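Below are the chains, spelled out letter by letter.
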Amino acid sequence: MKKVGLLVLTLVLAIGIVSLGETITLNFMQVLTSPQRTAWWEQVIRDFEALNPNIKINLISPPYEQADNKLTTMLMGKQPLDIIEVRDYTIKQLVDNGWLTNLTPYIATWSASKTLIPLAWQAAKTVNNTPYMIPQSFFVKALFVRTDILAKYGINPNDLKTWQDVLDACQKLYNPSKNQYGWDNRGRNSPFIFPDTLATSFVENANPDNLYILPNGQTIFTSPQYKAGWEMYIKLFKTSPQDSINWGFDSQVNSFVSGVTPILMQDPDTVGLLNTMLDKDQYTVVPLPVGPTGKAYPNYGFNGLGIVSYSQHKEAAWKFIAYVSSPEVNAWFNKNYGPLPISSVTYENDPYFSTGVYSAWAYMMKHPEKYIFSNYPFNSPKWPGWPSIQQADMQSLLLGNISLDAVLAKWNNYWSSK
Amino acid sequence: MKKLKIFLRSLLKFMALGGYLIFALIPLYWVLITSFKGPKELYTFPITFWPKSLDIENYKFLFSFANFGIYFRNSLLVSLGASFGALIVSVLSGYGLSRIGSKKLSNGLLLAMYLTQMIPGFLLMLPLFLMLSKFGMINNLFVLGIIYIDMVIAFGTIMSKGFFDRIPVSLEEAALIDGCGTLEVLYRIVLPVSLPAIMAIFSFFFVNIWNELFLAVMFLSSNDKMTIPAALNSFISKAGISWGVMSAGLVVALLPTIIVFAFAQKYIIAGLTEGAVKE
Amino acid sequence: MSRNLKLFIMVLPTIILLVIFTYIPIGQEIQIAFENYNLYNLSNIYFNGFDNFIDIFTSVDFNFAQIVLNTVIWVVVSLVFQFTLGFGLALLLKKPFKGRGIYSGLVFYPWAVSGFAIGLVWAWIFNGQFGLINGILMRLGIINQGIGFLSDPHFALASVIVVNIWYGIPFFAIMLLAALQSVPEELYEAAKIDGAGRFRRLVNVTIPYIRPTIASTILLRTMWILNFPDIIYAMTNGGPANSTNTLANYMIIKMYSFYNYGQAAAIGFIIMSILMIYAIIYLSIFSRLERGII
Numbered sequence: 000m001k002k003v004g005l006l007v008l009t010l011v012l013a014i015g016i017v018s019l020g021e022t023i024t025l026n027f028m029q030v031l032t033s034p035q036r037t038a039w040w041e042q043v044i045r046d047f048e049a050l051n052p053n054i055k056i057n058l059i060s061p062p063y064e065q066a067d068n069k070l071t072t073m074l075m076g077k078q079p080l081d082i083i084e085v086r087d088y089t090i091k092q093l094v095d096n097g098w099l100t101n102l103t104p105y106i107a108t109w110s111a112s113k114t115l116i117p118l119a120w121q122a123a124k125t126v127n128n129t130p131y132m133i134p135q136s137f138f139v140k141a142l143f144v145r146t147d148i149l150a151k152y153g154i155n156p157n158d159l160k161t162w163q164d165v166l167d168a169c170q171k172l173y174n175p176s177k178n179q180y181g182w183d184n185r186g187r188n189s190p191f192i193f194p195d196t197l198a199t200s201f202v203e204n205a206n207p208d209n210l211y212i213l214p215n216g217q218t219i220f221t222s223p224q225y226k227a228g229w230e231m232y233i234k235l236f237k238t239s240p241q242d243s244i245n246w247g248f249d250s251q252v253n254s255f256v257s258g259v260t261p262i263l264m265q266d267p268d269t270v271g272l273l274n275t276m277l278d279k280d281q282y283t284v285v286p287l288p289v290g291p292t293g294k295a296y297p298n299y300g301f302n303g304l305g306i307v308s309y310s311q312h313k314e315a316a317w318k319f320i321a322y323v324s325s326p327e328v329n330a331w332f333n334k335n336y337g338p339l340p341i342s343s344v345t346y347e348n349d350p351y352f353s354t355g356v357y358s359a360w361a362y363m364m365k366h367p368e369k370y371i372f373s374n375y376p377f378n379s380p381k382w383p384g385w386p387s388i389q390q391a392d393m394q395s396l397l398l399g400n401i402s403l404d405a406v407l408a409k410w411n412n413y414w415s416s417k
Numbered sequence: 000m001k002k003l004k005i006f007l008r009s010l011l012k013f014m015a016l017g018g019y020l021i022f023a024l025i026p027l028y029w030v031l032i033t034s035f036k037g038p039k040e041l042y043t044f045p046i047t048f049w050p051k052s053l054d055i056e057n058y059k060f061l062f063s064f065a066n067f068g069i070y071f072r073n074s075l076l077v078s079l080g081a082s083f084g085a086l087i088v089s090v091l092s093g094y095g096l097s098r099i100g101s102k103k104l105s106n107g108l109l110l111a112m113y114l115t116q117m118i119p120g121f122l123l124m125l126p127l128f129l130m131l132s133k134f135g136m137i138n139n140l141f142v143l144g145i146i147y148i149d150m151v152i153a154f155g156t157i158m159s160k161g162f163f164d165r166i167p168v169s170l171e172e173a174a175l176i177d178g179c180g181t182l183e184v185l186y187r188i189v190l191p192v193s194l195p196a197i198m199a200i201f202s203f204f205f206v207n208i209w210n211e212l213f214l215a216v217m218f219l220s221s222n223d224k225m226t227i228p229a230a231l232n233s234f235i236s237k238a239g240i241s242w243g244v245m246s247a248g249l250v251v252a253l254l255p256t257i258i259v260f261a262f263a264q265k266y267i268i269a270g271l272t273e274g275a276v277k278e
Numbered sequence: 000m001s002r003n004l005k006l007f008i009m010v011l012p013t014i015i016l017l018v019i020f021t022y023i024p025i026g027q028e029i030q031i032a033f034e035n036y037n038l039y040n041l042s043n044i045y046f047n048g049f050d051n052f053i054d055i056f057t058s059v060d061f062n063f064a065q066i067v068l069n070t071v072i073w074v075v076v077s078l079v080f081q082f083t084l085g086f087g088l089a090l091l092l093k094k095p096f097k098g099r100g101i102y103s104g105l106v107f108y109p110w111a112v113s114g115f116a117i118g119l120v121w122a123w124i125f126n127g128q129f130g131l132i133n134g135i136l137m138r139l140g141i142i143n144q145g146i147g148f149l150s151d152p153h154f155a156l157a158s159v160i161v162v163n164i165w166y167g168i169p170f171f172a173i174m175l176l177a178a179l180q181s182v183p184e185e186l187y188e189a190a191k192i193d194g195a196g197r198f199r200r201l202v203n204v205t206i207p208y209i210r211p212t213i214a215s216t217i218l219l220r221t222m223w224i225l226n227f228p229d230i231i232y233a234m235t236n237g238g239p240a241n242s243t244n245t246l247a248n249y250m251i252i253k254m255y256s257f258y259n260y261g262q263a264a265a266i267g268f269i270i271m272s273i274l275m276i277y278a279i280i281y282l283s284i285f286s287r288l289e290r291g292i293i
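These protein sequence lines map, in sequence, to chains A, B and C.
Residues in the first sequence are numbered consecutively from 0, following numbering that gives the first Met the number 0.
Residues in the second sequence are numbered consecutively from 0, following numbering that gives the first Met the number 0.
Residues in the third sequence are numbered consecutively from 0, following numbering that gives the first Met the number 0.
Don't take every hint at face value.
Claimed, not checked - Footprint (simulated), chain B over chain A, 3 or more residues, beta carbon under 8 angstroms:
| hint | region |
| --- | --- |
| 1 | 58-66 |
| 2 | 362-371 |
Said to hold, decoys possible - Per label pair, the in silico range of CB-to-CB distance:
| hint | chain 1 | residue 1 | chain 2 | residue 2 | range |
| --- | --- | --- | --- | --- | --- |
| 3 | C | I142 | B | E56 | 57 to 65 angstroms |
| 4 | A | K171 | C | L136 | 26 to 34 angstroms |
| 5 | B | L76 | C | T83 | 39 to 47 angstroms |
If you're looking for bench data, these hints aren't it; they were derived computationally from the structure.
Fair warning: this is a prediction, and the values are worked out from it, not measured in the lab.
Every residue, glycine too, gets a C-beta built ideally from N, C-alpha and C.
Start from the sequences, fold in the hints, and give me the full structure.
Written out as C-alpha cells, the structure is:
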C-alpha cells in the first residue's frame with residue numbers, strides 16, 4: 000500500500016513539475032505602433048512576465064501605416080496570434096470575420112470589471128452588444144490653445160465656450176501678413192470628425208447612437224441646422240492656412256507648436272507629444288465648445304485588446320489582458336501615452352487625470368447634459384469607404400470646386416441609399 | 000573667334016553639368032542637414048539651411064534605442080544572398096535563352112518575362128502571403144529572399160540574354176568541339192568576357208532588394224528579423240514622421256547602396272554597352 | 000543529353016520561380032477581379048461578373064475619367080522629361096573629362112534610393128510651411144507666403160511629376176550613355192567628312208544607331224512608371240481632391256482604405272490590359288520602323 004502511495008505521489012509530483020516548467024508563448028500584436036509606445040508595452044510585458052514566470056509574450060509591432068493591413072492578412076493566413084489590439088474602426092471587421100473571442104465568460108470572473116466606467120462598457124459592446132474586447136484608452140476631442148499667443152491678442156481661453164466664441168477668436172488672430180492664423184484645420188486621414196463635431200452641435204435632436212441618421216429616419220445632411228454648422232466651419236477654415244487642406248495629425252501638431260495656428264481641437268494623446276515640444280505654460284486645454292443648442296455630441300475613439308478566436312492559449316491571454324486592464328497598469332500606461340483611462344478608481348483617486356490640462360476632460364465627463372457621447376455608424380456596411388470619400392469631397396468643397404448644397408446632397412444620397 | 004566659341008561651349012557644358020548635379024543633390028543635402036538637427040530645430044520658422052549645432056543625438060538614438068545594427072545585418076544578409084542567388088539564376092536562364100536552338104521557344108519565353116513587368120507588384124502580395132502562410136513560411140528571412148529573387152529575375156534574364164546575344168558563338172565553338180560541357184563553356188569562356196555586364200546586373204539587383212519595403216513589412220513579424228526599410232517605416236507613427244531619426248536612418252541606409260553603386264558604375268557603363276544595344 | 004535540352008534546363012529555375020511566385024498569384028488575382036472580395040467580410044465572397052469594373056467606371060467619388068487623365072499626364076510628361084534630360088546628361092558625359100567618375104557617381108545616385116523613402120523626403124522639401132523650396136523662395140523675396148505645392152490641386156500633379164523626373168533621369172542617362180559609347184567612331188568620321196555638323200551627326204548617325212536601346216528603355220520605363228505608385232503614395236496618396244490620383248495609386252486606395260480587394264484586382268486588370276495593348280502597338284510600330292515601312 001505504502002509503495003503504491005509513494006508511486007502515485009511521485010507521479011503526481013512529476014506531472015506537477017513538468018507542467019510547472021512548461022512555458023506558454025503568447026503572440027501579441029499592437030497596431031498603434033510608435034517607438035515610445037513600443038517601449039511602454041515592453042515595460043508592461045516585462046512586469047507581467049516577472050509575475051507569471053511560465054508565460055512569455057512576444058510583441059509584434061508592425062509600422063503604424065501598414066499595421067491594420069498586416070493584422071488582417073495575418074489573421075487571414077491563420078498565423079499564430081493570441082492577443083491583438085483592436086481599434087474602434089476595426090472591431091466590426093474583426094468580429095464579422097470571426098476572429099475575436101466573446102469575452103463574457105472571462106469578464107464574469109474578473110473582479111476589476113466592476114470598476115470600468117460606463118463608456119468602457121459601451122465601447123466593449125460596440126458590435127452585437129457583446130464584449131469582444133476590453134478597451135484600454137479613450138480619445139475624446141477637446142480644445143488645445145496656445146496661452147502665450149492668445150494672451151498677446153487679449154483672448155482668454157476660458158471664454159471659448161461656444162463655437163461662435165472660437166470663430167470670433169480665430170478671426171481676431173487671423174493676420175496672414177504676419178504669418179499668424181487662427182484655426183488648425185484637419186485636411187486628411189479622417190477629417191470628417193472635425194467639421195462634424197462642430198456641425199452636429201448645431202442640431203437640436205441629433206441621434207447619439209448614429210450621428211448620421213436623425214431620430215425621424217432622415218440623414219443629418221438634410222438638416223438646415225447641420226448646414227448652418229458647416230457654414231461656420233467653412234468660415235473657420237478661412238482663418239487657416241490654405242495648405243491645411245492637406246494636413247494630417249502631424250502637420251496639425253507642427254503648426255500648433257510653431258504658433259502659426261494656436262487653436263487646435265484634438266485628442267488627449269496629443270498632450271504627451273506636446274509636452275516634449277512646448278513648455279507647460281505655453282498651452283492649455285479647455286473643454287470642447289458647445290453649439291447654439293448648448294450641447295455637443297463628441298464621439299469617443301477607443302482602442303483595446305481582444306483574444307484571437309483560434310488562439311491555443313486563451314486562458315493565458317486573458318491573464319495578460321486582465322493584468323493590463325487593472326486600474327494601476329492602465330493608469331500608468333495612459334499617463335505615458337496620454338489618452339483617458341478606463342477605470343473609475345483612477346478617476347476618483349488619481350489627481351493626474353482631473354487636474355492641469357486634464358481638468359478639461361474631467362469637466363466633460365462630469366457634465367453629461369452638455370456633452371452627449373455619440374457614435375458614428377462604424378457598423379454600417381457603408382462605413383469602410385466613407386472617410387476617403389468624405390475627405391475628397393471636403394477638399395473639393397473647401398477649395399471652392401463644389402457648393403455646400405451639392406456636397407450635402409451627395410452625402411445624403413450616400414447614406415440613404417442601399 | 001573659334002576660341003570664344005569653344006570657351007562658350009565649355010561654359011555652357013559646365014553650367015549644364017552643374018545644374019544636373021544640384022538638382023540631383025537637393026534631397027541628399029536636405030536629409031543630411033536634417034539628420035544633424037535637434038528636435039526643437041526641425042520645425043522652426045523660418046527654416047534653417049544649416050544646423051545651428053551639429054547634433055548626433057539622432058544617430059545615437061538610431062543605434063541604441065532603435066537597434067539599427069540588427070536591421071543593418073538583416074538587410075545585408077538578405078540583399079547579398081538574394082542578389083547572388085538571382086544572379087546565378089538570371090545568368091543561367093539568360094544564357095540558355097540566348098543559345099537555345101529554337102527561336103520560337105526563345106522568343107516565347109522572353110515574352111513571358113516581359114509580361115511579368117506589366118503586373119502591378121502590390122496586387123501579388125495578398126495571394127502570395129496566403130499561399131505561403133499555408134506552408135508556415137511567414138516570418139522567414141530565407142523565404143523572403145526567395146521572393147526577392149523572383150521579383151528581379153525576369154528583368155535580369157532579359158538583360159543578360161541581351162548581353163550574351165552580343166557575344167559571338169564562334170568564341171564558344173572551338174571549346175565545344177573540344178568536348179567542353181555547356182556549363183563549362185559558360186563558366187570558362189563567356190563569363191570572363193561579360194564580367195562588366197555581371198556587375199551591372201548584380202548592382203541593379205542589390206539596390207532594388209535593399210530598398211524593398213512592402214514585402215518586408217508584410218512577411219516579417221519578429222523584431223529581430225526586420226530589414227532597414229521596414230525599420231525606417233516604423234519611424235512613421237500616428238504622430239507623423241520623426242524626421243530627425245528618419246533622416247539619420249536614411250543616411251545610414253543610403254551608404255551601402257552608394258558604395259555598391261559607385262564601385263559598380265564603372266562596369267555598368269562599360270557593361271551595358273554589350274547588352275542594351277542589340278535586342 | 001543534347002545541348003538544347005541542357006540549355007532548356009538552365010532556364011528552368013527561372014520558369015519555376017516565376018510560375019510559383021508570380022503567375023499563380025496573378026491568376027488568383029484575375030479571378031478575384033471578378034468576385035466580390037472584401038476584407039470586411041470574408042465569408043461573403045462570390046462571383047459578381049463585371050460588377051467591380053462597372054463600379055469603378057461609374058464611381059462618383061473617384062472620377063475614373065480624371066484618374067485616367069492623371070495617369071496619362073503622369074506617364075507621358077514624366078517619360079518625355081526623363082528621356083530628354085537623361086539623353087542630355089548622357090551626351091554631356093560621353094566625352095571623358097576630369098572627375099567624370101566621381102561626378103557620375105554623384106549624379107546617378109537617385110537610382111539607388113527607394114521610391115517610397117524619396118517620396119517622403121521630397122514631400123518634406125515641398126512642405127507648404129517648413130519646406131526647403133518655400134524657404135528658399137521666401138528668402139529670395141519671390142513670395143511672402145508659402146505655396147501649397149502638395150495641397151493646391153494646380154501644383155500637386157506638377158510637383159509629383161518633378162520628383163518622378165528626378166528619380167528617372169539616371170536610368171535613361173546610364174542606358175543611353177552605354178549605348179552612345181558603342182557607336183563606332185568610323186561612322187562619325189564619315190559623317191564629318193561629309194560635312195555634317197554636330198546636330199546633323201546626332202540626328203543622322205547617333206540616334207538611328209542606338210534606336211533599339213531607345214525603344215527598349217522607353218517600353219520598360221513606361222511599364223515601370225505606370226506600375227509603381229510609391230512616389231505618389233508617399234507624397235499625396237492621390238489628393239488633394241483626386242488631383243494626383245493615378246490608376247496604380249487608386250488600386251492601393253481600394254486595397255488599404257476600402258479593403259475591397261475585388262475592385263483593387265479589377266483596377267490591376269485594367270492596368271495590365273492597358274500595358275498589353277500599349278506593348279503590342281508599340282512593338283508593331285517599332286518593327287515597321289525597323290523594316291523601313293514607316
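(request) Find the hints from earlier in the document that the structure breaks and name them by number, from lowest to highest. (result) 2 and 3
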